[in-house]
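Make the full structure from the sequences, and use the hints.
So you can see what is in the structure, the chains are spelled out below.
Number of protein chains: 2
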Amino acid sequence: MSPEEFRKWGYAMIDWLADYPERVERLPVLSPSAPGDLRKTLPNQAPEQGEDFSQIFADIDRLIVPGITHWQSPNFFAYFPANTSGPSILGELLASGLGIQGMLWATSPACTELETHMLDWLADLCALPQAYKSTGTGGGVLLDSASSATLCALLAAREKATLGNTNRSGLHQNPRNQDLVLSTPHRIPKLIAYTSDQAHSSVLKAVRIAGIGEDQLRIIPSDSQHRMDLHALKAAITHDLQAGHLPFFLTATIGTTSSMAVDPIQEIAALCDQHSIWLHVDSAMAGSAALCPEYRHHFMGLDQAQSYTFNPHKWLLTNFDCNCFYISERQALTSALSILPEYLRTPSSESGEVIDYRDWQIPLGRRFRSLKLWFVLRSYGAEKLREYLRAHMEMAKRFSTLVRTSQDFILVAPVDFSLVCFRHQAGDAFNEKLLNTLNQNGKLYLSHTKLDDRYTLRLSIGAAQTQVHHIETAWQVILETAQRLEH
Amino acid sequence: MSPEEFRKWGYAMIDWLADYPERVERLPVLSPSAPGDLRKTLPNQAPEQGEDFSQIFADIDRLIVPGITHWQSPNFFAYFPANTSGPSILGELLASGLGIQGMLWATSPACTELETHMLDWLADLCALPQAYKSTGTGGGVLLDSASSATLCALLAAREKATLGNTNRSGLHQNPRNQDLVLSTPHRIPKLIAYTSDQAHSSVLKAVRIAGIGEDQLRIIPSDSQHRMDLHALKAAITHDLQAGHLPFFLTATIGTTSSMAVDPIQEIAALCDQHSIWLHVDSAMAGSAALCPEYRHHFMGLDQAQSYTFNPHKWLLTNFDCNCFYISERQALTSALSILPEYLRTPSSESGEVIDYRDWQIPLGRRFRSLKLWFVLRSYGAEKLREYLRAHMEMAKRFSTLVRTSQDFILVAPVDFSLVCFRHQAGDAFNEKLLNTLNQNGKLYLSHTKLDDRYTLRLSIGAAQTQVHHIETAWQVILETAQRLEH
Numbered sequence: 001m002s003p004e005e006f007r008k009w010g011y012a013m014i015d016w017l018a019d020y021p022e023r024v025e026r027l028p029v030l031s032p033s034a035p036g037d038l039r040k041t042l043p044n045q046a047p048e049q050g051e052d053f054s055q056i057f058a059d060i061d062r063l064i065v066p067g068i069t070h071w072q073s074p075n076f077f078a079y080f081p082a083n084t085s086g087p088s089i090l091g092e093l094l095a096s097g098l099g100i101q102g103m104l105w106a107t108s109p110a111c112t113e114l115e116t117h118m119l120d121w122l123a124d125l126c127a128l129p130q131a132y133k134s135t136g137t138g139g140g141v142l143l144d145s146a147s148s149a150t151l152c153a154l155l156a157a158r159e160k161a162t163l164g165n166t167n168r169s170g171l172h173q174n175p176r177n178q179d180l181v182l183s184t185p186h187r188i189p190k191l192i193a194y195t196s197d198q199a200h201s202s203v204l205k206a207v208r209i210a211g212i213g214e215d216q217l218r219i220i221p222s223d224s225q226h227r228m229d230l231h232a233l234k235a236a237i238t239h240d241l242q243a244g245h246l247p248f249f250l251t252a253t254i255g256t257t258s259s260m261a262v263d264p265i266q267e268i269a270a271l272c273d274q275h276s277i278w279l280h281v282d283s284a285m286a287g288s289a290a291l292c293p294e295y296r297h298h299f300m301g302l303d304q305a306q307s308y309t310f311n312p313h314k315w316l317l318t319n320f321d322c323n324c325f326y327i328s329e330r331q332a333l334t335s336a337l338s339i340l341p342e343y344l345r346t347p348s349s350e351s352g353e354v355i356d357y358r359d360w361q362i363p364l365g366r367r368f369r370s371l372k373l374w375f376v377l378r379s380y381g382a383e384k385l386r387e388y389l390r391a392h393m394e395m396a397k398r399f400s401t402l403v404r405t406s407q408d409f410i411l412v413a414p415v416d417f418s419l420v421c422f423r424h425q426a427g428d429a430f431n432e433k434l435l436n437t438l439n440q441n442g443k444l445y446l447s448h449t450k451l452d453d454r455y456t457l458r459l460s461i462g463a464a465q466t467q468v469h470h471i472e473t474a475w476q477v478i479l480e481t482a483q484r485l486e487h
Numbered sequence: 001m002s003p004e005e006f007r008k009w010g011y012a013m014i015d016w017l018a019d020y021p022e023r024v025e026r027l028p029v030l031s032p033s034a035p036g037d038l039r040k041t042l043p044n045q046a047p048e049q050g051e052d053f054s055q056i057f058a059d060i061d062r063l064i065v066p067g068i069t070h071w072q073s074p075n076f077f078a079y080f081p082a083n084t085s086g087p088s089i090l091g092e093l094l095a096s097g098l099g100i101q102g103m104l105w106a107t108s109p110a111c112t113e114l115e116t117h118m119l120d121w122l123a124d125l126c127a128l129p130q131a132y133k134s135t136g137t138g139g140g141v142l143l144d145s146a147s148s149a150t151l152c153a154l155l156a157a158r159e160k161a162t163l164g165n166t167n168r169s170g171l172h173q174n175p176r177n178q179d180l181v182l183s184t185p186h187r188i189p190k191l192i193a194y195t196s197d198q199a200h201s202s203v204l205k206a207v208r209i210a211g212i213g214e215d216q217l218r219i220i221p222s223d224s225q226h227r228m229d230l231h232a233l234k235a236a237i238t239h240d241l242q243a244g245h246l247p248f249f250l251t252a253t254i255g256t257t258s259s260m261a262v263d264p265i266q267e268i269a270a271l272c273d274q275h276s277i278w279l280h281v282d283s284a285m286a287g288s289a290a291l292c293p294e295y296r297h298h299f300m301g302l303d304q305a306q307s308y309t310f311n312p313h314k315w316l317l318t319n320f321d322c323n324c325f326y327i328s329e330r331q332a333l334t335s336a337l338s339i340l341p342e343y344l345r346t347p348s349s350e351s352g353e354v355i356d357y358r359d360w361q362i363p364l365g366r367r368f369r370s371l372k373l374w375f376v377l378r379s380y381g382a383e384k385l386r387e388y389l390r391a392h393m394e395m396a397k398r399f400s401t402l403v404r405t406s407q408d409f410i411l412v413a414p415v416d417f418s419l420v421c422f423r424h425q426a427g428d429a430f431n432e433k434l435l436n437t438l439n440q441n442g443k444l445y446l447s448h449t450k451l452d453d454r455y456t457l458r459l460s461i462g463a464a465q466t467q468v469h470h471i472e473t474a475w476q477v478i479l480e481t482a483q484r485l486e487h
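As given, the protein sequences belong to chains V and X, one line each in that order. Last residue of the first sequence: 487 (this note's numbering), numbering continuous. Last residue of the second sequence: 487 (this note's numbering), numbering continuous.
These are computed hints drawn from the structure, not numbers from a lab. Predicted model, so just to flag it, every value in this text is computed and none were measured. One thing to keep in mind: the hints can contain errors.
Interface residues of chain V toward chain X, partial, derived using beta-carbon atoms under 10 Å [stated by the list, open to error]:
1) Pro87
2) Trp105
3) His172
4) Ser202
5) Gln266
6) Val477
Below, simulated DSSO-like cross-link-like pairs (lysine-lysine); rule was C-alpha separation at most 30 Å, straight line [stated by the list, open to error]:
7) X:Lys443 x X:Lys384
8) V:Lys397 x V:Lys384
9) V:Lys384 x X:Lys160
10) X:Lys384 x X:Lys450
11) V:Lys384 x X:Lys40
12) V:Lys40 x V:Lys397
13) X:Lys397 x V:Lys160
14) X:Lys40 x X:Lys234
15) V:Lys384 x V:Lys443
16) V:Lys8 x X:Lys40
17) X:Lys450 x V:Lys8
18) X:Lys234 x V:Lys40
19) X:Lys40 x X:Lys443
20) X:Lys397 x X:Lys384
21) V:Lys450 x V:Lys384
22) X:Lys397 x X:Lys443
C-beta: ideal position from N, C-alpha, C; glycine also.
Here is the structure:
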């Protein structure tokens, strides 16, 4: 593609995307595709001869648009928000055009330094502990997802608890493991992790990946407001200690996936501190709310957490992927993940003066992810971002008020952030039918969960274009659909 | 950012990127930055008020360009190529603008189906085994990197070897593990992995992450051409079996990082088959060469490999990240990685008719990566892509001819693909000094490795804009610099 063709089709793509936010509102939110619909339109083989880009461009509207679920629709209320924005798109565009690799400081110093700096900016914007900043003992890094952050935290905790022996000897029985300081010197203690029954599935996934095994993950029950039950946690730790096990890792959540519940972080932190358990806090979805001082009480206790993660790619106008992972002791992370083969040695790395982010993540390669965050933070400014977040949280309150006025629906969880969990009084089967009917209609898209073992509808607010009138219309559509189904 | 502002700055960014390929040749390849250079120019805090995008845009040239190492320069010969191209950039641009999440088929059917289809196209283009196609027992997926692919392969192999017991019970000693069929029924066998001393560092990283431990990774020595030594491999397997261990995973390489050596895949495959060892083949860097029939002899034996990975983001005009990971038995992968919480249940997933790619990877979320691959494959067509790859491999031959004509330099590895390994006769210290002098000069950028324990220069060819005259000039610069340093 010549520079002139790139310019021509680049402009066309920018025009297409400039129009998309206005257009997306009129498209069915959930794709009406049936399995195989796209594939049957595509040739079985890649073309031998190049095609003119006009043909490719035309296929975006013809083939792709009907096949996607429009996460940018103002009527998208499913799962979690997946924000994008003009500045973020331009940042991603620049990153892909520069095409640099940020695995080492030396392979593009600006990629590493801008990332460190943006993580420090965000730490201050969210009033996170000073230890998470690069000026402290810890630091932050951009990863692809909170799942990866939780895995990295678990690995750092595993190596810290076993003095690096797991990386060397594995979790198999091994004489070397006896170097560990044990209460029962002739047994190999099992490493035990803890989380609540409301934690994200990535905690279980990380426990499996790291070789810990799900039998060693204690799923602590939650209370009536879906917060980790402290008594049950205490009992579990005590029981494990008595059995000669080694409690080593706990994931608490600020804003659970199902209902945005907030675990009692301060009390959990005190217990973790007492037993030298690594506390990892997952605030993937709710974390951006910490930009607003009036929501910071939910984040109390973070100064006792060894690691913390949240996703600007969910609710901070920055497109996927852009996960922030903070750690209070960076050496624990790099000790767990660093490998230095000859072909990656550089004078700057040897000097110890720089960060090489490959040692802070699972893969080796990395994109210039911080550009989009830099564009977003500068282009909006902190004030506008706070307004943006507050507007969504106000809309959630507005929707919960509407639910409260209804005789047929009830709220089933506190509305602390931007998610409303509710259900129709008519029972699980009715709610499931209601959800599927609503989603197939194309006017809005909700998802569901189970709370207290009952089918629950989730209205998650956070698309960049959602306004109060979308919430009010959504409520009308839900009410009318329920009434129609009742008869 | 209003649609009109987005259009204005989008055009500006497209213009900037359209000019970059021409301009990049005049910029120093390796960034001349010293540690902290960028950070000291940045404000300590994010702005409270939004800034005009003109200020942000101006900072690209002012702050970012001097701080990056230009991987797109035609004089970039370090590490490995990191191709980008017009169609790829436009694909990434569209993906970030659509802002969809492809974790489940239902969350955007086209994202899943286009990905499956592109992996099938590439399997045919590279004449990969039919089992790797979605029409067979296996399939392909796009991941962020070959490191992640190797980790996923290892996890699938671990669960297959332990009948899912590791996910459940962990690698700790556990009574349940005794369900395994063992030669020595009352011992827990250790899982043993194999690779060569030339394998990528990601193999060791995966072994650590998965809890296997590096003591259980056998680093098989390589022969004079840096290929895994078969006799040593046989001896290691025999020794482990005699010790009651369980050999379960082997990573072989087609195109090693240091020298692009090709392990004897067919012979390794026969051994793996005999001992039920999962064979994973890493061809991250060289894999694109399989598009050209005359290079396919290097890939013989892949039909016996349980998994395979290569990186279009290295050498196929598709920007990072875009890794292809193929598996011959998809159920082994999804059994290892699938977790289905209530909030991710969808009717389509329950039907079993669709692929949910979240079960094929470490994270949950995923971008619409296949768009850029679709744009690249259609826009160039297979013929042009083969020409592109052949041109680089011809340049490598040309450069190796130049090295052969020299009295001072020698080639130190066969040149099968697009990498030339060479060194000056004057010894390690001289070669290291030569490399650093060359790189600081800014006219070109090389990296190094050790082969046969001696410092070796690597000239890796594969930037989209590199032409024969760049190779010839590079050789002149190297010769002249060496002559200057000799005196």
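When the nearest CB of chain X is found for Pro87 of chain V, is that gap smaller than 10 Å? Hint on Pro87 of chain V: holds, closest Cβ of chain X at ~6 Å, below 10 Å.
Restraint status (C-alpha distance of Lys234 of chain X to Lys40 of chain V at most 30 Å): Distance of about 47 Å is beyond 30 Å: violated.
When the nearest CB of chain X is found for Trp105 of chain V, is that gap smaller than 10 Å? holds, 7 Å
So, Gln266 of chain V near chain X? Judge it on the closest CB pair being under 10 Å. violated, 27 Å
Does Lys397 of chain X pair with Lys443 of chain X here, judged by a C-alpha cut-off of 30 Å? Given that 30 Å is the threshold and the Cα spacing comes to 21 Å, the pair holds.
Chain X contact restraint on His172 of chain V - CB to CB distance below 10 Å: holds, 5 Å
So, Val477 of chain V near chain X? Judge it on the closest CB pair being under 10 Å. violated, 20 Å
Hinted pair, alpha-carbon criterion (30 Å max): Lys443 of chain X, Lys384 of chain X. Please report holds or violated. holds, 29 Å
Compare the distance between the alpha carbons of Lys384 of chain V and Lys443 of chain V with 30 Å, and conclude whether the hinted pair is satisfied. holds, 29 Å
Could you grab the alpha-carbon distance between Lys397 of chain X and Lys160 of chain V and see if it respects the 30 Å cut-off? violated, 49 Å
Restraint outcome when Ser202 of chain V is required to lie within 10 Å of chain X by C-beta distance: Given a least distance of 6 Å, the restraint on Ser202 of chain V holds.
Just to be careful, I want the Cα atoms of Lys397 of chain X and Lys384 of chain X compared with a cutoff of 30 Å; is the pair within it? holds, 20 Å
Violation of the numbered hints given earlier is confined to hints 5, 6, 9, 10, 12, 13, 14, 16, 17, 18 and 21; the remaining hints are satisfied by the structure.
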